[in-house]
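The residues making up each chain are set out below.
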Amino acid sequence: MTKFFTSSIGQKFFMSITGLFLMLFLIVHLTINSLLLFGDGTLFNQAANFMGSNPVMKVIEPILGLGFILHIIYAAYITLKNVKARPKGYKVTTKTKVSWASKNMFILGVLIFIFLVIHLANFFWKVKFGNIETIMVEGKEIHDLYALVAGLFKGWWWYNVIYIVGVIFLFLHLTHGFWSAFQTIGWDNEKWMPRLKVIGYIYSIIICGGFAFIPMYFLIKYVV
Amino acid sequence: MSKLDAKIPEGPLAEKWSRYKATQKLVSPNNRKKLDIIVVGTGIAGAPVAASFAEMGYNVKAFCFQDSPRRAHSVAAQGGINAARNNKNDGDSAYRLFYDTIKGGDYRAREANVYRLAEVSASVIDQLTAQGVPFAREYGGTLANRTFGGVQVSRTNYAQGQTGQQVLLGGYSALKRQVGLGKVKMYARRQMLDIVIIDGKARGIVTRNLVTGEIERYAAHCVVLATGGYGTIYYLSTLAVQSNASAAMQAYRKGALFGNPSFIQIHPTCIPVLNEYQSKLTLMSESLRNDGRIWVPKKEGDKRKPKEIPDAERDYFLERRYPAFGNLVPRDVASRAAKERCDNGFGVGKTGLAVYLDFRDAVAKQGKKVIKNKYGNLFAMYEKITGDSPYETPMMIYPAGHYTMGGLWVDYNLQTTIPGLFAIGEANFSDHGANRLGANSLLQGAADGYFVAPYTVSNYLADEITTKVPSTDSPEFVEAENNAKVILEKFLNINGTKTATSFHKRLGNIMWTHAGMQRNEEGLKKALVEIDELKKEFWSDLKIPGKMDEINQELEKASRVADFIDLAKLIVTDALNRKESCGGHYREESRTEGGEAMRIDEEYSYVAAWEYQGDDKEPTLHKEELKFENVEVKVRSYK
Amino acid sequence: MKIKLNIWKQANAKAKGRFEKYELDGVDAEMSFLEMLDSLNEKLIKEGKEPVAFEHDCHEAICGCCSLYINGYPHGPGKEVATCQVHMRSFKDGETITVEPWRAKGFPVMKDLMVDRDAFDKIMAAGGFVSIDAGQAPDANSILVGKVDADKAFDAAACIGCGACVAACKNSSAMLFVAAKVSQLALLPQGKVEAKRRALSMVAKMDELGFGSCTNTGACEIECPKSIGIDFIAKLNREYLSASFSESE
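Residue numbers (my numbering), protein chains in the order written: chain L, 1 to 224; chain A, 1 to 639; chain X, 1 to 249.
Excised from the complex, chain L in its bound form (with noise of 0.2 Å):
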């Protein structure tokens, strides 16, 4: 087994396992996110208490920092590898036709890394550390995260850019990540190839179209 850590197919291994478990926060994520677009921030209030105060989320918490990680450093060294495994390479760029994010997959990473650090930042840092003003629901007394999410999208119009495009990339991650997942961990086979690949793209719009549809709906709702 210690081979297995270290062989190629391996390493690639746990870059699916972390990226499908990302892939599966990410159904999460959009879950409690959409309840933002119902009522008045109450019922997204009241989830994302429950979320960041139950027991459970406490353990997965970590785990999914962990996923991030692993996610990056494998990301890191395989490339790393792959890139030493041509030490010089060709004079005419290859015009063999394949999707742009398979090719760029590590270029795509890192420019979602970027914006997850300013997403960090801007939510789960302040969640996290911040002074959140609290309302009252239920006689209980919980953090407002939905006038933070609503103050964010609001108040600075570049923020939803920067937040749109980062969906974007997130977007051309998935429609490679998805399919490419289950290939390497061997869930592919000549049928499903095709058919893998059209869930991927479902999938990567579902996800993707929620997350860029809220902050328009913000701008929509209370800018325009």
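The hints are simulated quantities; they were obtained by calculation from the structure and are not laboratory data.
Be careful, since some hints might not be right.
Each computed DMTMM-like pair below joins lysine to aspartate or glutamate, with the alpha-carbon atoms no more than 25 Å apart [as the list claims (entries may be wrong)]:
#1 A:Lys634 <-> A:Glu589
#2 X:Lys196 <-> L:Glu190
#3 X:Lys46 <-> A:Glu276
What follows is a set of in silico ranges between Cβ atoms, one per label pair, in the way DEER data are often shown [stated by the list, open to error]:
#4 X:Gly78 <-> L:Phe113: 36 to 42 Å
#5 X:Asp139 <-> A:Glu522: 51 to 57 Å
#6 A:Gly387 <-> X:Lys192: 40 to 46 Å
#7 A:Lys7 <-> X:Gly135: 20 to 26 Å
None of these values were measured; they are calculated from a predicted model.
Ideal placement from N, C-alpha and C gives every residue a C-beta, glycine not left out.
Given chain L's structure and the hints, the job is docking chains A and X onto it.
Below, chains A and X without anything else, positioned relative to chain L:
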């Protein structure tokens, strides 16, 4: 004639091989590791034999000029490999395959060898299958078979149109396994320059490392040549451009007899010459004749598109001339029939040197899908080269040089006249007589490699157990190396004006014109003169750039062409000597009134084995009389 | 037609190479790319110049000798082709054609356009076989192989070992090559017996020889002269993972 003892075991035909095996000398397993074997060539005969020796426990050194054994030209065989398994319940048997091979070879092959080939054929398929060769299967999971030219049973196993590739890769994987286990030392990118004979026995070889240019010496207890055929003598042939006759010629110059050099098969279904720069002709598998119908227009010089010519105005000349076998007559017959039509002005295409191979009826009857399943990759290959789709319009085909039945003379042990020097596969002359049956070449190579040479070479080595491997510093090695060096330096120092390829092209032209599909005394004599002139010019006006101690592809070509020139003379000499027509050797002077080939059994029922006498001397002819005790020698008729 | 050529020249494995420019007149559109290079070499030799070293042999897209990266395509433009099947009709009159050798750590350049693909042989020697000696084989019809499996195995077995997959892959990964052999043998009952060992040792050898890892771009299957699909890579992954999780090595 003492030189030519074929050492055929006593007893009835069907028992010879089992008697041989039962009584041959053996080498015990603990002695095998003391014995070294050199195998030159790692194609469908060489790879299996090297692997088999290693499996038995011998130490093997294997050599090939390519970068990997997987590139050997056996890889390009398309149609299939025969095996007498009676899979179709259509009356096949070892005897039947033996009979078909003898008859297909126009009664110029040695009975005992051919029967052995037929006898081991089933085991060859078993072995290949076990190695993971994906032979075509029926839905029930059993082997599928197809029919090939010249026979009336369905006994050919195939893997789409890439049978040679799959069969070769089977042997290659067995070889690689032994390389991994350390029992075979693989020397790729080595060109053999000479054979070293010590005390009358083959003891080693001298090679040129094609990467460093270094001349290297290797010693062993015996040497097995599996170096293939010499069809590239015509320059344009179906062979790979690097296939060559050099190893065989080195053996010949060292005293090994060369058997039937003029027996060269011209394959009927090749893509015709398209331009003057062409360096090679592409074969379209004979299996296409199962479903394709060959025709030319009935009207001379008919320039209409094939589709516009109605059936009544088409001449399906093979079906007309040979109603019993139709489009499936043997290769030599089909080739000559096509040439006859073209020579008389009925040929098609730009040059008039082509006939149609039409799949219209097959597509109509069986559907495009079935045809695609059978020949998809061949059709695609044809379309890539010519730009025409055979589903829509008939293929154009023309004969081209393909396989050499001739080769180093070997006895029943596959040993040449030099003790300790063996020749297997296409490199020897033994099994195909004057014409090879379709799908028998892979069979012969694999049979020799897996199931014949491992026994017969052991029989030889049994007497060598106490012999030490000679030192590569012995005078014989030094001399061989020096001789080889002198020749290579000569090539580099001529510094003339013409490239090796240009000489090869001209040689090919001489050979195709005078010693190709049809031969006559006048043309052959003319060829001798032209070859001599070419040889003189070659040795005085050759230009080879570069140096010896580097990768030098032109230098490699030069030594191949030099050997081809000498071999060309030998071929023509043999063709002149054999005044009969038989199989692929068609002497215009010897034909029936109907224009069919006419054998002269009373005079030529022998193997012509030529002994080298010196560079500018006539070789000496030795005859191995052929005895046919188990078949009735008949006029070969496919009517 | 007339063409301009920009060809990689490198004296030997250690030398520093460079691009050399050539012009060639009188090129026939029906010539194959290799025949065009032949005629260039004929011309160079006559002019007393060093010819271009390149590998070719069968001219039927089956030996796998060709290793030319032409204008950004391994084997040149066209689907399912090796260089021998590329004809000059695919190029325009006056066009500049850049010819490079395969580029990969696993395939060092030996001279000009020749590369050393011994790594593939080493991978094969590590496990690309069925361990059966001559004479041990059971009757071929006693091993029943369904037509679908036999055909699929053949699709994988069609690999010609040219290395275009490595040349096309941005990571110089040899996964398609390894996947083809592992899949072929894993699909057949004869090869299943040692499927696990095979997958493990071939992948280990591939990694050791400096090939990159697969990131599923699919460039390899597009450039493969035999169109071997990357579904075989999924199969290799499956074989490798199951072997890793089940066998105690």
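Could you check the structure against the hints above and give me the numbers of any it violates, in ascending order?
No numbers; nothing is violated.
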